[in-house]
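Asker: Below, each chain spelled out in residue letters.
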Amino acid sequence: MSLAKTRLQEERKLWRKDHPFGFFAKPEKSADGSLDLTNWRAGIPGRKDTIWEEGIYPITINFPNDYPSKPPKVKFPENFYHPNVYPSGTVCLSILNEEQDWRPAITIKDIVLGVQELLSDPNPDSPAQEPAWKAFAKDKELYTRKVKEQAKRYQNYNA
Amino acid sequence: MAKDTYLKKVLGEERFNHIKASKVLMVGAGGIGCELIKNLMLTGFGEIHIVDLDTITLSNLNRQFLFRQKDINKSKAMILVKAVEKFNYFDCKLIPHHGNIMNTELFPISWWSSFDYIYNALDNVEARTYVNSIALFLKKPLMESGTTGFQGQVLPIYPYQSECFDCIPKDTPTTYPVCTIRSTPSKPVHCITWAKEFLFMQLFDEVQILSPEKLAEQRKILESETTDKKEIDNLMNETNELNDLRKLTSSTIEEFMDNLVNKIFVKDIEKLIRIDSLWKYRKQPVPLDYATYNSELSSMVKSTSSDVLHNETKVWSILENLYVLYQASKSLIDRIQSGEKFISFDKDDDDTLNFVVSASNLRSSIFGIDVMSKFDIKQIAGNIIPAIATTNAIISGFSDLQSLNYFKSYELSNQDANTVFVSMKPNRFVARATLASPNPQCASCSLSSRGIMSLSSLDGTLQELIDNIKEFYKYEDISLILGKNKLIYDFDFEDNVDRSLNSLGFKSGETLLVQDDNDELENLELYIIIGEEFKLPELTLRAKKVFKEETDAEDDEPIEEGVVDDIIEVEPPIKKQKV
Ligand SMILES: [Zn+2]
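So the sequence lines, in the order shown, correspond to chains A and B.
1 is the number of the first residue of the first sequence in full-length UniProt numbering; add one for each residue after it.
1 is the number of the first residue of the second sequence in full-length UniProt numbering; add one for each residue after it.
Be aware that one or more of the hints could be misleading.
What the hints assert, rightly or not - Listed below are the simulated BS3-like cross-link pairs for lysine-lysine, each with C-alpha atoms no more than 30 Å apart in a straight line: (1) A/K73 to B/K230; (2) B/K220 to A/K146; (3) B/K280 to A/K140; (4) B/K544 to A/K29.
In case anyone wonders, no lab produced these hints; they're calculated from the structure.
So here's chain A without its partners, still in its complex pose:
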């Protein structure tokens, strides 16, 4: 645990020094007025010139006790519309998978940028939900419409 909290405070500092434009990321406030370092909230802006550009999409990042040996869990809201997001909101991304590309050196900045890239550049080989996956594969028009509708809903999400 020593390592996890030291590292998370380090991440918070790193983020303050340098974070990508339009993003935010911070630990959640607990009922007792402290910040819970193991539980972060972040906003991911859709990339410019993509059908995602109008929204800022909310995610939660949960860090386990043995972070950074084990990766955090990243979640969108339930039923978030994206081919690689499970109905529960869990994101399927190789850098967040212990058995794939997770390394302890991956920072919160790397994670949010990875998520941003995944938004406009889904991985067709890793379906996580039926509606978005089907539309993405077979009905681009429907897919575009749904994504844009969703972007509108998340237009005003901020810190």
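For chain A, the structure is supplied; the task is to place chain B with the ligand on it using the hints.
Answerer: Positioned in the frame of chain A, the structure of chain B with the ligand alone reads:
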């Protein structure tokens, strides 16, 4: 001749007296503790405290030799002290404590600081990490020890001078996603887990009938993992259908077997194949062609002379696995029918083991996974790394011996002690290595200093405390984390500065982590006590170490040959390293 004549000769008069005057702590009264206690007593320690939170169970008796059947359900620490009184030749004062070592009310830091030496005889990482942190706070020497089957190690820890328990990366056990186990296995262990924890459980063990809430919860878990609704529905259905199958345990073996095989190895597999998304990038399973084995199987069953069941190291054919499944099911439903309400998997209960071995092998062959021998599957299914009394005894001996160095000089910088490894390697039963220096990246000892902070009251404000800490240690700006994960103050979080320490959760036994916001000084971890006056520990903080590129320490760690797969470790050795 006095009883201690030889002891004096062996230890030397001076050290003998040191040891006689020492008060030591043994944490854990289990496998290692039962052995270690007699060594410590016979080494002549004046006072030994023993802490354990457990009570004695039947399964302890095969290796924890101080306990008897009549002691079952009694406190380990209490019984251990009673048991050794008979040979307390050197009048050691023995004090048992029944309680959790991590409880700061039962065992406050003042209690810890009364000991000269701490011996760990623990079996879990959490408690070990905790005792290690206390040793670091108090700069007390600590002897760490652990065994896994025939392997064992003792590691003397001299805080900040040699490697601490946290300096060494730990393996954590792998858990498997439900979907891998139920729909898309790719390794033998997936099939073994399925046979043992799903199939066997559903058919023979005590299972709760799931409430709608529980079912909804299960569905949620699946949804967080799986690729589509079809697969989830299929998995949810399967559980219900197995419940139907369970009812067949009251019918004949023929009926049970036919239904079981047809469902599990034929129909269920056909259903899985129909979910095409699963097989886009995977090899499709092939349902068992049960009909072709049917006649051979029944003639095998009729002839009473088959010795398949006794050949544990041979890899069985499909027919042989079907035969074993038949025989195991027969015994199991016989037992259910003659009154056993439910049967739990136990690696030493051959009926249950045979069932799991044959069922997992049949599933493996369907998915094109390697089939294994009963012997090999037993190791995996039984999570067996046996706790071996002999290893415990040897390791306890080294634990005692290696600690004796300290009682010569009482110096933490004295690193004459060795870490000792015990294993079953030919010509290398015992190996030793000099102590390593602290891992420069260890967050517990290399990247931070520790000490006790005494607060006279909890009424003061956070701002006052911040000012005091900054001034005392010459920090320019700091962040504060209370306990496990509560950030209460940093550069852009000043909401709490006017609140009282009390309202923020400060209390005796809690820890406060101070980090330098300007990255000049190292971290400082403070153990909070309530005392007469406000006092910060006198420490000279070292400059903060900065690591450019974080190396992936776990991957580079040399792993001892023959180390077993991490999934079957029950009491992981404290270190895996070539000597
Ligand atoms: Zn360390």
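Asker: If you check each hint against the structure, which ones fail?
Answerer: none
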